[in-house]
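Based on the sequences and whatever the hints tell you, model everything.
Chains as they are written, first to last, in the numbering used here: chain H, 1 to 318; chain Z, 1 to 534; chain B, 1 to 271.
Please note that a few of the clues may not be correct.
In the EDC-like style, the derived pairs of lysine to aspartate or glutamate whose C-alpha atoms are separated by at most 20 Å in a straight line are [unchecked claim]: (1) Z/Lys238 x Z/Asp6; (2) Z/Lys229 x Z/Glu307; (3) B/Lys228 x H/Asp275; (4) Z/Lys238 x Z/Asp249; (5) Z/Lys511 x Z/Glu202; (6) Z/Lys511 x Z/Asp521; (7) Z/Lys511 x Z/Asp473; (8) H/Lys232 x Z/Glu129; (9) H/Lys232 x Z/Asp6; (10) Z/Lys343 x B/Glu36; (11) B/Lys98 x B/Glu173; (12) H/Lys232 x Z/Asp111; (13) Z/Lys3 x Z/Glu202; (14) Z/Lys252 x Z/Glu478; (15) B/Lys228 x B/Glu36.
Hints listed in this document are in silico derivations from the structure and should not be mistaken for laboratory results.
Each chain, letter by letter, is given below.
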Amino acid sequence: MPPLMKLIFSRLALGAVTLLAVSALMFVGIELLPGDLAQQILGQSATPQTLAAFRADLGLDQPAHLRYLDWLAAAAQGDFGNSMASRRPVADLLSTRLANTMFLACYAAVIAVPVAILLGLLSALWRNSLFDRSVNVGALGAISMPEFFVAYLLVLFLSTRLGWFPTLARIDEAASFGDALYRSFLPALTLILVVIAHMMRMTRAAVINVLAAPYIEMAQLKGVPRWRVIVKHALPNALAPIINVVALNLAYLIVGVVVVEVVFSYPGLGQLLVDAVASRDFPVVQAVGLFFAGTYITLNVLADILSILSNPRLRHAR
Amino acid sequence: MSKLLDIRGLRLEAGPMGGRTTILHGLDLTLNRGEVLGLVGESGAGKSSAGLAAMGYTRDGVGITGGEILFDGIDLARASAATLQDLHGRRIAYVAQSAAASFNPAHRLIDQFCEAPLLHGTAARAAAEADAIALYRQMQLPNPDQIGFRYPHQVSGGQLQRAMTAMAMACRPDLIIFDEPTTALDVTTQIEVLGAIRDVVERYNTAAIYITHDLAVVSQMADRITVMKHGREVETAKTRQMLAAPQEDYTKSLWAVRGLKRPERSAPEAGPLLSMRGIEASYASAKVLQGVSLELPRGQTTAVVGESGSGKSTLAKVIAGVLPPSNGVVVWQGSPLPGRYQKRDRATLRHIQMVYQMADTALNPRHTVRGTLERPVRHFTGLRGAALGARVNELMELIELDPAVFLDRLIPELSGGQKQRIGIARALAAEPEFIICDEVTSALDQLVAEGILRLLLRLQAELGLTYMFITHDLATVEAIADRVVIMQQGRIVETGDQSRIFSDPQSDYTKRLLASVPQMDAGWLNGVRQRLAS
Amino acid sequence: MKTLKSAPTTALLGMLILAAVLLTGVFAPLLAPYGETEIVGVEYEPWSAAFPLGTDNLGRDMLSRMIYGARNTVGLALLTTGIAFTAGAALGMLAALKGGWTDQALSRVIDVLMAVPPLILALMLLAIVGPSIPNMVGVIAVIYIAPVYRLSRAAAMNVVSQDFIQAAQLRGEGTLWLLRREVLPNISSTLIAEFGLRFCFVFLFIAALSFLGIGIQPPTADWGSMVKENATLITFGDITPLIPAAAIALLTIAINFIVDWMLHRASGLKS
Numbered sequence: 001m002p003p004l005m006k007l008i009f010s011r012l013a014l015g016a017v018t019l020l021a022v023s024a025l026m027f028v029g030i031e032l033l034p035g036d037l038a039q040q041i042l043g044q045s046a047t048p049q050t051l052a053a054f055r056a057d058l059g060l061d062q063p064a065h066l067r068y069l070d071w072l073a074a075a076a077q078g079d080f081g082n083s084m085a086s087r088r089p090v091a092d093l094l095s096t097r098l099a100n101t102m103f104l105a106c107y108a109a110v111i112a113v114p115v116a117i118l119l120g121l122l123s124a125l126w127r128n129s130l131f132d133r134s135v136n137v138g139a140l141g142a143i144s145m146p147e148f149f150v151a152y153l154l155v156l157f158l159s160t161r162l163g164w165f166p167t168l169a170r171i172d173e174a175a176s177f178g179d180a181l182y183r184s185f186l187p188a189l190t191l192i193l194v195v196i197a198h199m200m201r202m203t204r205a206a207v208i209n210v211l212a213a214p215y216i217e218m219a220q221l222k223g224v225p226r227w228r229v230i231v232k233h234a235l236p237n238a239l240a241p242i243i244n245v246v247a248l249n250l251a252y253l254i255v256g257v258v259v260v261e262v263v264f265s266y267p268g269l270g271q272l273l274v275d276a277v278a279s280r281d282f283p284v285v286q287a288v289g290l291f292f293a294g295t296y297i298t299l300n301v302l303a304d305i306l307s308i309l310s311n312p313r314l315r316h317a318r
Numbered sequence: 001m002s003k004l005l006d007i008r009g010l011r012l013e014a015g016p017m018g019g020r021t022t023i024l025h026g027l028d029l030t031l032n033r034g035e036v037l038g039l040v041g042e043s044g045a046g047k048s049s050a051g052l053a054a055m056g057y058t059r060d061g062v063g064i065t066g067g068e069i070l071f072d073g074i075d076l077a078r079a080s081a082a083t084l085q086d087l088h089g090r091r092i093a094y095v096a097q098s099a100a101a102s103f104n105p106a107h108r109l110i111d112q113f114c115e116a117p118l119l120h121g122t123a124a125r126a127a128a129e130a131d132a133i134a135l136y137r138q139m140q141l142p143n144p145d146q147i148g149f150r151y152p153h154q155v156s157g158g159q160l161q162r163a164m165t166a167m168a169m170a171c172r173p174d175l176i177i178f179d180e181p182t183t184a185l186d187v188t189t190q191i192e193v194l195g196a197i198r199d200v201v202e203r204y205n206t207a208a209i210y211i212t213h214d215l216a217v218v219s220q221m222a223d224r225i226t227v228m229k230h231g232r233e234v235e236t237a238k239t240r241q242m243l244a245a246p247q248e249d250y251t252k253s254l255w256a257v258r259g260l261k262r263p264e265r266s267a268p269e270a271g272p273l274l275s276m277r278g279i280e281a282s283y284a285s286a287k288v289l290q291g292v293s294l295e296l297p298r299g300q301t302t303a304v305v306g307e308s309g310s311g312k313s314t315l316a317k318v319i320a321g322v323l324p325p326s327n328g329v330v331v332w333q334g335s336p337l338p339g340r341y342q343k344r345d346r347a348t349l350r351h352i353q354m355v356y357q358m359a360d361t362a363l364n365p366r367h368t369v370r371g372t373l374e375r376p377v378r379h380f381t382g383l384r385g386a387a388l389g390a391r392v393n394e395l396m397e398l399i400e401l402d403p404a405v406f407l408d409r410l411i412p413e414l415s416g417g418q419k420q421r422i423g424i425a426r427a428l429a430a431e432p433e434f435i436i437c438d439e440v441t442s443a444l445d446q447l448v449a450e451g452i453l454r455l456l457l458r459l460q461a462e463l464g465l466t467y468m469f470i471t472h473d474l475a476t477v478e479a480i481a482d483r484v485v486i487m488q489q490g491r492i493v494e495t496g497d498q499s500r501i502f503s504d505p506q507s508d509y510t511k512r513l514l515a516s517v518p519q520m521d522a523g524w525l526n527g528v529r530q531r532l533a534s
Numbered sequence: 001m002k003t004l005k006s007a008p009t010t011a012l013l014g015m016l017i018l019a020a021v022l023l024t025g026v027f028a029p030l031l032a033p034y035g036e037t038e039i040v041g042v043e044y045e046p047w048s049a050a051f052p053l054g055t056d057n058l059g060r061d062m063l064s065r066m067i068y069g070a071r072n073t074v075g076l077a078l079l080t081t082g083i084a085f086t087a088g089a090a091l092g093m094l095a096a097l098k099g100g101w102t103d104q105a106l107s108r109v110i111d112v113l114m115a116v117p118p119l120i121l122a123l124m125l126l127a128i129v130g131p132s133i134p135n136m137v138g139v140i141a142v143i144y145i146a147p148v149y150r151l152s153r154a155a156a157m158n159v160v161s162q163d164f165i166q167a168a169q170l171r172g173e174g175t176l177w178l179l180r181r182e183v184l185p186n187i188s189s190t191l192i193a194e195f196g197l198r199f200c201f202v203f204l205f206i207a208a209l210s211f212l213g214i215g216i217q218p219p220t221a222d223w224g225s226m227v228k229e230n231a232t233l234i235t236f237g238d239i240t241p242l243i244p245a246a247a248i249a250l251l252t253i254a255i256n257f258i259v260d261w262m263l264h265r266a267s268g269l270k271s
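Here you go:
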């Protein structure tokens with residue numbers, strides 16, 4: 001196998017192994033927990049019958065590794081068991097909420113990514129200018145605010161005071177695409193503001209790092225115009241770090257969704273996960289947690305592979 | 001001859017307002033068409049800043065605060081960005097010290113070559129490519145037809161440096177600034193690059209400013225030499241005149257090490273202090289030492305000489321027990337040593353000490369001089385209280401530093417030479433019999449290096465120390481060594497008494513190595529190239 | 001004192017805010033007009049002389065709960081960061097110094113921890129152990145060991161590769177001495193700045209978990225859950241629930257200002 005393929009293959013394999021490790025995490029965690037889980041959750045007043053039913057539900061009467069393998073085999077076929085709270089199949093609970101969460105994340109990403117990269121590039125190019133400094137102060141402020149603070153500020157001004165947008169982002173199957181965009185504007189905007197701040201700062205740092213390289217000075221001393229130095233000499237080398245920044249922030253966005261969904265009562269996976277954790281609905285926590293972790297891992301592996309592919313040292317072997 | 005470049009009263013300052021430091025204090029330089037000017041000085045002399053300023057360029061944070069830079073009548077200090085952009089690459093070009101870092105890793109060599117001609121409109125793509133290949137051939141690059149189509153990381157350092165000179169030639173500029181182009185190269189590679197550079201510069205009658213710290217190198221390249229110190233000119237003269245009769249003491253000190261001679265010594269005492277038999281060692285899967293056998297005579301200095309990758313520093317690691325050999329044995333005073341330092345007893349650790357190349361990283365910057373010396377004294381000799389203080393004072397006197405002044409300073413408050421002396425004192429604190437000196441003078445300016453070498457010689461005479469002196473610099477070897485070991489690619493090529501190695505080298509590699517060391521003689525490069533060619 | 005004078009206004013402002021919050025937290029019982037969980041009026045009373053910030057959803061004094069919140073939220077964040085830091089920095093330095101097998105084993109475990117987004121990992125772990133204050137502190141501390149480990153390992157690697165470490169090893173110095181006297185003094189400024197940054201993350205993290213209802217549990221007063229409990233007021237145009245949120249933001253900005261200045265100083269000292 002050529003070394004490049006080998007490198008990419010090893011990243012993919014590493015990603016898969018990590019995902020498996022994460023999927024086993026909850027089983028290991030439950031196993032390590034001291035005392036009787038059923039008793040702890042249901043309380044001292046629970047009857048022996050309910051305790052036994054609970055154990056059977058979770059499969060606690062079987063050894064952990066068998067339980068895990070059973071779960072893994074079923075999950076591979078799309079069966080994540082039944083919710084302990086609602087008794088419905090986890091897969092059913094997930095399906096529409098998954099689509100909603102993806103919709104919200106994509107909505108935010110489509111706007112945030114280009115804007116953030118542009119802002120980052122410009123502030124790196126005009127380093128220490130008034131533009132750079134004001135963008136940086138703004139970004140530092142946005143990073144320091146908890147997401148729910150940003151969300152409620154938007155609600156206060158754009159919804160309660162001005163009445164432009166609804167306070168709660170309830171969307172359902174009946175809503176048209178345009179309607180869905182309108183109703184979920186505030187949660188999307190919250191995510192956009194927070195993600196832009198992180199992403200812009202990282203892009204700026206990555207570009208400044210490349211601009212300090214000796215080959216940039218060399219290009220200037222060859223009489224290459226400023227714009228061409230940026231496009232031909234800096235950008236190809238800044239690509240890998242920028243790809244990493246994008247992936248990292250997309251991953252961050254997927255997670256930021258959790259808090260924002262709760263603020264706006266948005267019917268997505270985040271809301272579901274938080275409810276499931278509070279009621280300790282293990283099958284749901286397991287499935288939703290795995291989805292979030294899986295997305296995060298996939299994005300990171302993708303970023304790794306893209307930056308391998310954009311590195312001339314790796315693309316053209318010695 | 002007409003003037004091409006005329007720098008008058010050039011002042012450069014760096015740093016923020018208030019805390020500004022002056023880099024150049026009113027420098028005057030002139031350069032005629034087709035002339036090569038050597039700019040020589042030690043670190044901090046401002047020679048690189050002067051070279052860049054000759055292009056009307058300053059680095060971030062540096063500003064031109066006075067004087068003018070007349071290039072063919074245009075004042076570059078006041079020229080517009082557009083004017084400079086038009087001149088750069090077309091009429092003035094630059095060759096940087098590190099070609100590996102100065103080529104853009106994302107583009108092929110030939111694309112980077114063609115960029116300037118296409119932008120400045122001096123040639124079309126096809127013509128520029130043909131010219132690139134022609135220049136690569138003149139620069140004696142291997143495979144000139146194909147090498148341009150490779151990426152920088154696929155080409156070796158010496159070849160990249162030549163490709164960069166070819167790139168600078170692309171628009172046939174009137175002036176090229178060479179900023180230490182061979183400093184990072186091994187001597188045997190350096191000689192090829194120097195020759196190639198001089199050929200093209202002569203062929204196209206290009207004027208050049210050649211910046212270096214090495215007077216021997218610059219005397220091969222330059223018609224005239226300017227010596228600089230702390231941002232000021234020390235003296236300027238024609239090359240031959242500068243070599244034959246330098247006026248200033250500072251200029252003479254630039255070849256201080258070459259004037260040093262070790263005292264004559266009687267034959268070694270019986271039996272080697274340390275010997276190695278059949279040593280093999282590797283990092284990961286790469287074998288760095290292959291069957292090295294060696295004896296170090298007691299009370300003498302053995303110099304281990306080689307270029308990068310020869311395995312000379314690895315040899316030090318094996319002796320010190322940092323890198324256990326995969327095969328072979330190190331014998332200390334007749335008994336074999338364990339491969340790892342962790343397995344050696346305190347007496348052995350005590351008797352084998354090291355002094356490192358970079359004093360900056362060899363001493364903990366968070367410790368004081370006192371802390372640096374007290375710890376090993378206590379550790380190895382068990383002295384406490386007043387006796388400890390007395391011993392530390394004694395060590396400071398051995399290395400010729402005043403204890404009252406220096407003991408309570410933090411390491412970063414010392415100069416490079418003082419740090420290296422503390423490094424030596426720390427080794428002496430253990431009261432060792434044997435000291436490994438790993439390139440101890442190669443990071444230092446000449447005069448300071450000479451002081452360190454004198455100190456080492458004196459300590460050897462007083463304390464009867466045995467040295468293993470690892471270096472790539474043959475001038476240092478000549479100054480200090482009794483025995484010489486020449487290494488190449490993990491093997492010992494030749495061993496012998498110093499005088500014999502220098503007067504009558506046996507192996508081809510030793511001959512080539514010795515021939516490659518630049519001499520203070522303007523005709524040396526021509527002579528040696530003829531000899532190597534035949 | 002001299003370094004303080006050279007600090008920019010932003011850093012001085014940051015230190016002032018930090019000091020104010022810390023003092024409020026320490027002297028909370030003296031400063032608060034009412035008890036932490038004392039019900040003193042009806043629900044959602046507006047701002048008045050008796051209740052400067054009104055009352056909350058259960059009729060408790062908002063100002064008193066803000067003051068106690070400073071103690072609980074900041075105190076728990078400090079405790080959590082402290083645990084994560086001590087463990088992470090010690091393991092990171094050890095991995096850098098020992099290398100080989102120790103480094104491999106530790107680093108792979110950390111890789112897995114870092115491969116899952118912190119909030120998701122916290123939620124999964126809290127589902128297992130159940131939400132409570134000690135559980136939350138433990139879970140967040142474990143999660144934040146990972147980034148601290150990575151940073152201190154990287155910083156220590158730069159030190160360990162230097163010759164003075166080899167010189168000390170060749171002298172026969174022990175691991176503890178090497179870590180404490182040779183490595184730690186050289187990375188302490190990096191670690192202090194990192195502590196500030198990590199504290200911000202942990203602080204925001206605890207606030208977010210509490211806001212979600214699975215962090216600090218009622219009736220303990222804390223800034224995150226105070227926002228959640230009184231969020232309905234916002235839809236009526238009342239800004240009271242935003243005050244604890246603003247306090248969180250203010251403290252985070254303050255610390256960021258201080259850290260920025262410290263990092264700037266550290267990089268300036270090097271060059």
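Checked hints:
Among the hinted pairs, Z/Lys238 with Z/Asp6 is consistent with the structure: their alpha-carbon atoms are about 17 Å apart, no more than 20 Å. The hinted pair formed by Z/Lys229 and Z/Glu307 fails the criterion: a straight-line CA distance of about 30 Å is larger than 20 Å. The suggested pairing of B/Lys228 with H/Asp275 holds, with an alpha-carbon distance near 15 Å, which does not exceed 20 Å. With a C-alpha separation of about 17 Å, the suggested pair Z/Lys238 and Z/Asp249 falls inside the 20 Å cut-off, and the hint holds.
Among the hinted pairs, Z/Lys511 with Z/Glu202 is inconsistent with the structure: their alpha-carbon atoms are about 28 Å apart, more than 20 Å. Under the criterion of a C-alpha separation no larger than 20 Å, the hint pairing Z/Lys511 with Z/Asp521 is consistent with the structure, at around 19 Å. Annotation: proposed proximity of Z/Lys511 to Z/Asp473 holds, straight-line Cα distance about 15 Å (limit 20 Å). The suggested pairing of H/Lys232 with Z/Glu129 holds, with an alpha-carbon distance near 19 Å, which does not exceed 20 Å.
A distance of roughly 34 Å separates the Cα atoms of H/Lys232 and Z/Asp6; the hinted pair therefore is violated under the 20 Å criterion. As the CA atoms of Z/Lys343 and B/Glu36 are separated by approximately 62 Å, the hinted pair breaks the 20 Å bound. Distance check on the hinted pair: B/Lys98 and B/Glu173 sit about 13 Å apart at the alpha-carbon level, within 20 Å; holds. A threshold of 20 Å between alpha carbons decides the hint, and for H/Lys232 with Z/Asp111 the separation of about 11 Å falls inside it, so the pair holds.
Of the supplied pair hints, the one linking Z/Lys3 and Z/Glu202 holds, its CA atoms being roughly 18 Å apart against a limit of 20 Å. Between the alpha carbons of Z/Lys252 and Z/Glu478 the distance comes to roughly 19 Å, so the proposed pair stays at or under 20 Å and holds. Taking the CA atoms of B/Lys228 and B/Glu36, the gap is near 17 Å; set against the 20 Å cutoff, the hint holds.
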